[in-house]
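> Each chain, letter by letter, is given below.
2 protein chains.
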Amino acid sequence: MGTTIRIGIAGYGNLGRGVQSAIAKNPDMELVGVYTRRDPATLSLPGGASAFHMDELVKHTNDIDVLILCGGSKSDLPEQTPALAALFNTVDSFDTHAKIPEHFAAVDAPATTAGKTALISAGWDPGMFSINRVYGEALLPDGETYTFWGRGLSQGHSDAVRRVPGVAAGVQYTIPSTEAIAKVRAGDRPTLSTREKHVRECFVVLEDGADAEVVKTAIVTMEHYFDQYETTVNFIDAATLASEHSSMPHGGFVFRSGNTSDSHAQVIEYSLTLQSNPEFTSSVLVAYARAVHKMNQAGQIGAKTVFDVAPGLLSPKSPEQLRAEML
Amino acid sequence: MGTTIRIGIAGYGNLGRGVQSAIAKNPDMELVGVYTRRDPATLSLPGGASAFHMDELVKHTNDIDVLILCGGSKSDLPEQTPALAALFNTVDSFDTHAKIPEHFAAVDAPATTAGKTALISAGWDPGMFSINRVYGEALLPDGETYTFWGRGLSQGHSDAVRRVPGVAAGVQYTIPSTEAIAKVRAGDRPTLSTREKHVRECFVVLEDGADAEVVKTAIVTMEHYFDQYETTVNFIDAATLASEHSSMPHGGFVFRSGNTSDSHAQVIEYSLTLQSNPEFTSSVLVAYARAVHKMNQAGQIGAKTVFDVAPGLLSPKSPEQLRAEML
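As they're listed, the protein sequences go chains B and C.
Under this note's numbering, think of the first position of the first sequence as 82, with each following residue one higher.
Under this note's numbering, think of the first position of the second sequence as 82, with each following residue one higher.
Just chain B, with the same shape it has in the complex (with noise of 0.2 Å):
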């Protein structure tokens, strides 16, 4: 196997969390420092990995063979990316779907200046629900594509319920509804609304002296968060969302529902039950960090997306092993 693909994380939250203990997991693999605009000092590394302070990057590049910027896509991203892969390969996660054309060409035109590889939006949705969108679509053309988001934390609806006046804390989960579910998994293809997809629910924390019907009323009457849809609410106590709602489950399904002649129909399904989705994006993020590192190697820069990456790049396994083993 040769030597180790020496890693870097750039960001430090859940994301450079989860890429830390995705790498743990892959032995081809090696992490050679975390860096932070924080000051280093102040973050306490498992496993004695070393943190530096984001400036340090620029003269660690030939320590670097792949690095993964675990920012945010609204303000981290779209400066980070396209300046790091000048000096890097990189991997990121930018997830804001319309701006992603935008993304991809002010990254492209730096990593194709400095001969670097720079995949761009990979996790699982953007990611591997794309991917299956692109499978299902090719195979099945005459067909239908659903996507379910859930269950699952929703970041932007939790954040949205707890602007809400009386609630002390709380969270929200996306459920993909059941019947929807069963009807496109039977092979029905349907129309579906908003409303028909999805159901929210929301756990809340009252401050003290709050009204729950006012407080309940301000939440499923919210513009666009939800009042399209079926919204839950069940108050708790501060101990019980501690206890029970800390953890960030996500998951959902695409499906592709379609005919192959006039008498036959098929259907498609993936899924993803995930107990915490920001490892499952970091564990993603990993992988395709290997088919980066394979593919500079083999010259092939600028800026990609997962459609670009064979699945064979994915793996530690030589194309031998992976014809001989898995086919």
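Be careful, since some hints might not be right.
One copy or two, it doesn't matter: identical chains are merged, so the pair holds either way.
Quick list of in silico lysine-lysine cross-link-like pairs, DSS-like style, CA-CA up to 30 Å [claimed, not checked]: (1) K375 with K180; (2) K278 with K398; (3) K180 with K398; (4) K278 with K140; (5) K278 with K264.
By construction, these hints were calculated from the structure, which means they are not laboratory data.
Dock chain C against chain B, hints included.
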């Protein structure tokens, strides 16, 4: 979009007919001709397609962009693919798992010499299931993979049933154990014996005067085929067999269940529910024909497997379109 991709079909059984249906669902493709070892005049082809004798293929090297080989893995493909990959870009569905490395080598040499691209072992297993085994293992290296087949008509086991004295006709369905699947889906990682993974269900028409109990015992005790499984035998009449058991449904499940840290487990599930096994396999072959055409144009020659093909290559959409619409 430019010109269409010109497809030839070699062999006109269930798979060849399925490829013809699939081409009709893909407007960027065109059927040039069906090539057969039978007298071409005896084929009645829908849609005005042309039939030729297999020997005429050599005259049509300039008319076909990709030749899809629809013969069997036992005797057709081991001869045909190496010979035809010296003349055409090819796709085959070679599915004798143990002989894939040998077949790959036999095809790689002539294809490489001729500058052709030859994708072997496409379909769903080997094929889409293999891809999902590789993705699963790469994303969750600390875990277990489970493949279940069915509910599906098994050709080999149906043949075995029909060889039993006293059996006039019959079919066999392989059925994945509901209980085993439920355990795996729930994130348990059970060790499953052959017997625990699948059950077998036979529908048998008796010959006149045959003893049902004797036939049943002969089936359920048959070595390798049935003795390791829970097998049910149902006796039906010929009319029921014809009306209820003449289609070829199949499908199955690939699960990867693994931990991304000590505290968090994740489950990935891929499943197919197919009303027609040959038509779905054919649809996969046709999508890979598109990829083979693009790979050959990009100078990627020699033998390939599904592990070597980036998902985006299967789509008629451009990389820009895929990023904007599907990521």
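> One pair to classify: K375 and K180, alpha carbons no more than 30 Å apart. Within, between, both, or neither?
both (27 Å within a copy, 27 Å between copies)
> Can you tell me if K278 and K140 fall within 30 Å by alpha carbon in one copy, between copies, both or neither?
Close neither inside one copy (50 Å) nor across copies (54 Å); limit 30 Å.
> Could you figure out if K180 and K398 sit no more than 30 Å apart (CA to CA) within one copy, between two copies, both or neither?
Intra 34 Å, inter 19 Å, cutoff 30 Å: inter-copy only.
> Could you place K278 and K398 in one of the four classes (within, between, both, neither) given a Cα distance threshold of 30 Å?
between (39 Å within a copy, 27 Å between copies)
> Given identical chains, is K278 near K264, meaning Cα to Cα at most 30 Å, within a copy, between copies, both, or neither?
Both: 11 Å inside a copy, 27 Å across copies.
Checked against the numbered hints above, the structure breaks only hint 4 and satisfies the rest.
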